[in-house]
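*Asks:* Sequences are here, hints too, so could you generate the full structure?
Protein chains in written order, with my numbering: chain A, 941 to 1555; chain B, 119 to 378.
Possibly wrong hints are sitting among the right ones.
[As the list claims (entries may be wrong)] Derived CB-CB ranges, DEER-like:
| hint | chain 1 | residue 1 | chain 2 | residue 2 | range |
| --- | --- | --- | --- | --- | --- |
| 1 | A | Ser1021 | B | Arg162 | 39 to 49 Å |
| 2 | B | Tyr278 | A | Ser1211 | 27 to 37 Å |
| 3 | B | Met181 | A | Phe961 | 53 to 63 Å |
| 4 | B | Leu326 | A | Thr1297 | 38 to 48 Å |
It should be emphasised that the hints constitute simulated quantities derived from the structure, not laboratory data. Keep in mind that this is a model prediction, so the values were computed, not measured. Every residue, glycine too, gets a C-beta built ideally from N, C-alpha and C.
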Amino acid sequence: MQPTTQADTHAQASHHEELGFWQKYIFSTDHKVIGIQYGITGLMFLFSGLCLMSVMRWQLANPGTGVPIIGTLLNHLLGESMVSKAGVISPDLYNAFGAMHGTIMVFLAIVPLAFGAFGNFVTPLQIGAPDMTFPRVNMVSYQFYFLGGILMLASFFIPGGAAQSGWTSYSPLATVTNNNIHPNGQTFWIIGMVCLINSSLLGAVNFITTIIQLRAKGLTWMRMTFFCWAQFVTAFLLLLAFPPLEAAAVLQLMDNLLRTSFFLPTGLVVSGQMLHISGGGSPLLWQHLFWFLAHPEVYVLILPGMGIVTEVIANNTRKPIWGYRSMVYSILTIGFLSFIVWAHHMYLTGMGTRIATFFQTTTMVISIPSVIILTALFMSLWGGSIRINTPMLFALGFLPMFGIGGLTGLPLGFNASDIHLHDTYYVIAHFHYIVAPGTIFALFAGIYYWYPKATGRMLNEFWGKVHFTLSFIFMNAVFMPMFIQGMAGMSRRMYDGGQTYATSGDIIGLSPEVIHLNVGISHAVWALGLAQIPFIINFFWSINWGKKVTSDNPWDATTLEWQTPTPPPHGNFDKEIEVVRGPYEYSVPGQSRDFTPQNEPDHPEPITHGNPVRS
Amino acid sequence: MEIPYAVKPRPDTGLYNAKVGIWLFLASEVMLFGALFCSYILMRVNAPEGTWPHHWLNIWLGMTNTIVLILSSVTVVLGWASLKMGKFGHYKFYQGITILCALIFLGIKSFEYRDKFIHYQVNLKDGRIADGHLIKAETTTNVVALEGRWIDTNKMEELYNPPLEHSETPPIIIPRSDIKTMENYGPWHHTYTAIYFCMTGLHGLHVLIGAIVIFAIWGPLAKVWEQDPERYINRVEVSGLFWHFVDLVWIFLFPVLYLL
Chain A
941 MQPTTQADTH AQASHHEELG FWQKYIFSTD HKVIGIQYGI TGLMFLFSGL CLMSVMRWQL
1001 ANPGTGVPII GTLLNHLLGE SMVSKAGVIS PDLYNAFGAM HGTIMVFLAI VPLAFGAFGN
1061 FVTPLQIGAP DMTFPRVNMV SYQFYFLGGI LMLASFFIPG GAAQSGWTSY SPLATVTNNN
1121 IHPNGQTFWI IGMVCLINSS LLGAVNFITT IIQLRAKGLT WMRMTFFCWA QFVTAFLLLL
1181 AFPPLEAAAV LQLMDNLLRT SFFLPTGLVV SGQMLHISGG GSPLLWQHLF WFLAHPEVYV
1241 LILPGMGIVT EVIANNTRKP IWGYRSMVYS ILTIGFLSFI VWAHHMYLTG MGTRIATFFQ
1301 TTTMVISIPS VIILTALFMS LWGGSIRINT PMLFALGFLP MFGIGGLTGL PLGFNASDIH
1361 LHDTYYVIAH FHYIVAPGTI FALFAGIYYW YPKATGRMLN EFWGKVHFTL SFIFMNAVFM
1421 PMFIQGMAGM SRRMYDGGQT YATSGDIIGL SPEVIHLNVG ISHAVWALGL AQIPFIINFF
1481 WSINWGKKVT SDNPWDATTL EWQTPTPPPH GNFDKEIEVV RGPYEYSVPG QSRDFTPQNE
1541 PDHPEPITHG NPVRS
Chain B
119 MEIPYAVKPR PDTGLYNAKV GIWLFLASEV MLFGALFCSY ILMRVNAPEG TWPHHWLNIW
179 LGMTNTIVLI LSSVTVVLGW ASLKMGKFGH YKFYQGITIL CALIFLGIKS FEYRDKFIHY
239 QVNLKDGRIA DGHLIKAETT TNVVALEGRW IDTNKMEELY NPPLEHSETP PIIIPRSDIK
299 TMENYGPWHH TYTAIYFCMT GLHGLHVLIG AIVIFAIWGP LAKVWEQDPE RYINRVEVSG
359 LFWHFVDLVW IFLFPVLYLL
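*Replies:* This is the structure in structure tokens:
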């Protein structure tokens, strides 16, 4: 294939009307620019989520002592009521940081990165489409996301501070916190969430329509990459699971602003005072509506990650994915089942053992397709001539990390063992193994893998490997000890790192060793933060000074996104795309190269292997 | 750059892009209203015996609104069919009625809302309860005048089951000094009014947006008909699909909130 040089791309671009800076980068309708907007914004939120946690970890490791440097800064920014002069963060601020860490990481970092960034950038390229079906809707989707993010960040600086009731915002707690101030942090949280939900809904409609309508000629469903399947299912989850949360958000907003009682029971007493409300509401209703979204949301977080990892593994093992069809059916099954497992988050709410049994069963069933996908990926490694580069390292890191996260979820799915583990650090460790070293590693794999397509330059391999190695070590150093703390019974929302329940005298509580693990975890968190520096520098440095790619297809890949010029111009393809084969035709016997692109016409003369061809 | 199948249907799906998009969007809307209907069911089932209100709303107004919306559904289809037959004038007429229906619906709805906001429950210090509409003209800084009834405190269920027949009664005059609390029938009054305002409010917002879109296509964007008739018909069809959904939601809301 002829590599397209920068000069060629410029020549093509000059045929079009040159767009100004604002239209080209800020109000762009090009799916690739929107994808990159999502990516950069998402990475910034990912980092700010880590920063919030870094401050919280100081409080957990050294309860009641001032946070060095940052404490003073926060004191100036947020005032005496939130952070003392000595830099000690208040319980309220700790709660706010905890709630916002969860909200930012889930709704403002991982989903926008996995779905918004990679989905936008890669999906139309991989299906051979010129753009999304609704480019302007796509732009509005990003703007809603951006607005939601701004509202969430702004809420730190309003009277009373940001939302403090956890990322789950359980009522009545969420409604009665700061209910003498309006609008309060929770109001901002709800309105911010409504913006994010609208963003996801518009995105989901766009993605599904694009995949249904704009697949290139010959690209049948079973020739579609697994990544696109993952995005397809993810979009359906967002489309159908988010609206109930939107409904819940409207109801909670009315509780918050109009003094209704959707989630407030009759006779609610707060601080010894009976609330002046009409009552008659149900706290369980919020939990049902919330988890009806939030369980499918878990799969929204992981499925795109699986998609990315599949692409990277297929490319770097140089062999077809093992069990592609089973993986596709599995991901569809996951998509369906994820709608009927939500109440396994609610075993301890007293909703009844029969309901719990039902959800326990579905929860066990949904682990089967997940295991099939993971097994297929492991099997794909077998017998491959594996290239160890940075994307592949992150993809390989994903597999055992996701495995740990998935398997440790089983005891939480059984309602008997969940009684002990519920709301402990075990839960934190479990889902972080899935999302942090799981999805985030997959996202890194994707960034290292598709960066050359977006910029025309490679990320530095050496610093990439440093980034991977350090991240891998410290991720495990952060989350592995939390399993121990959780099994020892340490509750997850403790301002003092479990000191309240420490063993003292005759009272048996948390042992000093378990509490002391906090110190090691905190150091690992800070080290993990520092380990991202090579990545951040690498990311920005390589835009201008990275190694230039010499071909449009630097990884020798089969899928369609590598058949475009580099970087792809507005409209993507400069030739007609007709797909003639499946997505992972690596090392096909009889071919001259070890990869056969999806759109490469069949050999003019079929390989005969000594036998005459009969028509 | 041209997006394929923006106007012409894709052969294997038989649909143009916006039609796929609107159906997906409507699926998400079903989930949105579905969640609210589920919430309604849960509230109602959870309410203690005899405290879930009946007949707090005027059935005839709701009935009128139902008929108005069903009529608009018919005119939307007739408008679209007229375009298919190339009769732009007929389309203008039918779709004009649709917009008019939307406005009538919103007008009646606003009137019903106002009725709830001037409807008060007054709890007196001596334990008596009065319930009725505020008479603005006779209410002063010293007294509150209501057109309504006294509730027998031994039969509190009367509060939740007002008589269907409205009999003429002299106004109830209550000195303000006798009043312990008074509250109108806003969303804060009862979970029923809360879910009523929430669902009809959200539905009303859909009616408003739908009417604005239909009006925009009907009026300011009508020149598209000359330039690209097929695209224009598609727009009318997509907005019509949305409009049918909005009507359908009301078909469920009416019995649930007014009749049951």
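*Asks:* Check each numbered hint against the structure and report the violated ones by number, ascending.
*Replies:* Those not satisfied: there are none.
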